[in-house]
Amino acid sequence: MEAGRALALGQDEALGGGRRSVEAPFGRALARLGESRPDIVGLTADLGKYTDILPFRDAFPDRFFNVGMAEQNLVAVAAGLARTGKVPFATTYGVFATRRAYDFIAIALAHSNLNVKIVAGLPGLTTGYGGTHQAIEDLALMRMIPGLTIIDPCDATEIEAATEAIAEHRGPVYMRLLRGSVPVVFEPGHIFEIGKARRLREGSDVGIISTGFMTERALDAADAFRKQGISVGVLHVPTIKPFDAEAVAEFAGSVGRIVTAENHVVVGGLASLVVETLFDAGIAKTVTRIGLPDRYIECGAVPTLQAKYGLTTEAVIATITALS
Amino acid sequence: MLRNSPPGSADIGALEHKARRLRRHLLTMARGQGQGYIGQGLGIADTLAALYFHELRYDPHNLTWPDRDRFLMSTGHYSIALWAALAEAGIIPVEELTTYGADNSRLEMSTLDTTPGVEMIGGSLGHGLGQGVGQALGLRVDRSDARVFVELSDGEMQEGSTWEAAMSASHFRLDGLVALIDCNGIQADGPVVLDMEPVADKWRAFGWQTFEIDGNDMTAVVGALAGARQRNGKPKAIVLRTLPGKGVPRIESSEKSHFFRIDVAQWDGIIAEFEKGVGAAQ
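As they're listed, the protein sequences go chains A and B.
Positions 0 to 323 (numbering that gives the first Met the number 0) are the ones given, in order, by the first sequence.
Positions 0 to 281 (numbering that gives the first Met the number 0) are the ones given, in order, by the second sequence.
No wet-lab data here; the hints were simulated from the structure.
Check before you lean on any hint, since a few could be wrong.
[Claimed, not checked] Which residues of chain A face chain B? A few of them, derived with a C-beta cut under 8 Å, are:
{"no.": "1", "residue": "V40"}
{"no.": "2", "residue": "R62"}
{"no.": "3", "residue": "N72"}
{"no.": "4", "residue": "V76"}
[What the hints assert, rightly or not] A few chain B positions that, by computed beta-carbon distances, are all more than 10 Å from chain A:
{"no.": "5", "residue": "R30"}
{"no.": "6", "residue": "I90"}
{"no.": "7", "residue": "A199"}
{"no.": "8", "residue": "T218"}
{"no.": "9", "residue": "K255"}
[Said to hold, decoys possible] Here chain B is said to cover these stretches of chain A; the calculated rule only asks that three of the stretch's residues, wherever they fall, bring their Cβ under 8 Å from a Cβ of chain B:
{"no.": "10", "region": "63–70"}
{"no.": "11", "region": "77–89"}
{"no.": "12", "region": "103–110"}
Quick caveat: nothing in here was measured; it's all calculated off a predicted structure.
Every residue gets a Cβ at the ideal spot worked out from N, C-alpha and C, and that includes glycine.
Construct the entire structure; sequences and hints are all you get.
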């Protein structure tokens, strides 16, 4: 393993504000699925330990392939496996999947609509290791690929549900991974459906449209505002593509102010999708965009960086407070 | 009905005849559009004849048969040769060949996997070998003895992903994977612009059992393919030294052999030159 990757480990996900957490929800869900789905195979590019896929490897060593530090080959090999009827789950970090293997995801997977699932660690600002490891623009890059499904789950419950859903779905998927001890925001029974947004809080003064772990912040912010008599609605949009434009337009029409919240640059991702959706629907409202600036982020401790760049609950509250 | 199963002894004369038929198709196809990747097609024709009419185990009427041998053409622009081979193999109609490169044709100048018999989208070079590795792993999981043949080119070896795939094939001991490396000495900007020699030594160093032959000598091609049948824990590389434009002296000697475009009238002269060569050989 290269030194840079080692340093990026263990300082992940400053999430969880007092919530219960689950260890390796993705890997455990995949290992469970592997029992009833002999067609599922696992792959990684020297990041098995750090993308939570080892429970699957340990359960099904003959169906697990580590291709070494070679992300183009990771995707090409997954494509070949899919051609023989397998359902490959291939893990690496988001930066490597999207930046290094883009042509392979576009042509080898999406152009042929192959049934491969890319599961990508360190989304957005979940490591303090700097621009080399922070996948701040992966949603934007992946969004441009025709036919690719893109998921940004919020918590451990949703990761497990999404893992099952994408295994069931036929076609290429890019899913962001929260790894290690992942907080539980949603109770068991939370429904995840590819392509569907969920309204998690009703409210009419302000409406937050959020994806990924920013939905946790949005819910906490909404609950704090409620105590002050301000009603804040929350629409959770875990599927970036296909985008639930209908739900977003309906939600946006029902609230006074619109705020988007994403663990991603504010260009090309959720905010851009919401603005496009509102324009198409003829809804003329200002959108306040919470997310990362359009530049590379420095190194540092994750909590410090998330606070600095407005991704904490406190920062979300401050941004919304400043609106009024 | 299964072809080439079990593999019989090779009738070299019959395979050379097939290769001539492929070349004749190629020339007709390129004449239709007045252009095409004819140089590469003529160069690889012998290998495709040996594969489809001697080595590959497949059923032209059941293209998704799980235990078929796979042939992946990574160099999508060689499609002209693949279309000719698929037509001769009875997978697509021979009459369709004249649509090569025309609007709405299934027979594109670069392969798309929507055409029957195509196992991958070629053309973005450096994609094929890794996909071959994946298919070979999938066949192993299924305990199938089917093999995977991947054609790639000397220029394509400049793509780093080719070597990522080469490393993984030997690591996974994929002895049913056969790389057919067409070394024709040309690439888009002219003669090979980055020296790739010694090619065979590179493959050996990556752990591949390697054969180096004249790719336009049918006996040599058939012999190397037979040698590559061994299931000995090593992937196989066959380095094919081919002549772009083989069979048509005017194309063989052309500096434009990467992409050939001439007047329709001149194509008749080219075809006459080919037939004259065929006559002299027989």
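Status of each hint after checking the structure:
For the restraint placing V40 of chain A at the interface with chain B, the shortest Cβ-Cβ distance is roughly 7 Å, inside the 8 Å limit, so the hint holds. Nearest Cβ of chain B to the Cβ of R62 of chain A: about 6 Å, under the 8 Å cut. The hint holds. Because the beta carbon of N72 of chain A sits about 4 Å from the nearest beta carbon in chain B, less than 8 Å, this interface hint is met. The interface hint given for V76 of chain A is met, as the beta carbon of that residue sits about 4 Å from the closest beta carbon of chain B, less than 8 Å.
Consistency note on R30 of chain B: stated as away from chain A, and its beta-carbon is indeed over 10 Å from all of that chain's, at 30 Å minimum. Every Cβ of chain A is farther than 10 Å from the Cβ of I90 of chain B; the closest lies at roughly 17 Å, confirming the non-interface assignment. In this structure A199 of chain B is separated from chain A by more than 10 Å, as the shortest Cβ-Cβ distance comes to about 22 Å. With a closest Cβ-Cβ approach of about 32 Å to chain A, T218 of chain B is found to remain outside the 10 Å limit, as its non-interface label requires.
Distance to chain A confirms K255 of chain B as a non-interface residue, since its nearest Cβ pair spans about 27 Å, more than 10 Å. Requiring three or more residues with a Cβ within less than 8 Å of a Cβ of chain B, the coverage given for the region 63–70 of chain A holds, as 4 such residues are present. Under the rule that three or more residues need a Cβ within less than 8 Å of chain B, the assignment of the region 77–89 of chain A holds, with 10 such residues. Closer than 8 Å: that is the beta-carbon criterion, and the region 103–110 of chain A has 4 residues meeting it against chain B, so the requirement of 3 holds.
This entry satisfies every hint, going by the numbered hints stated previously.
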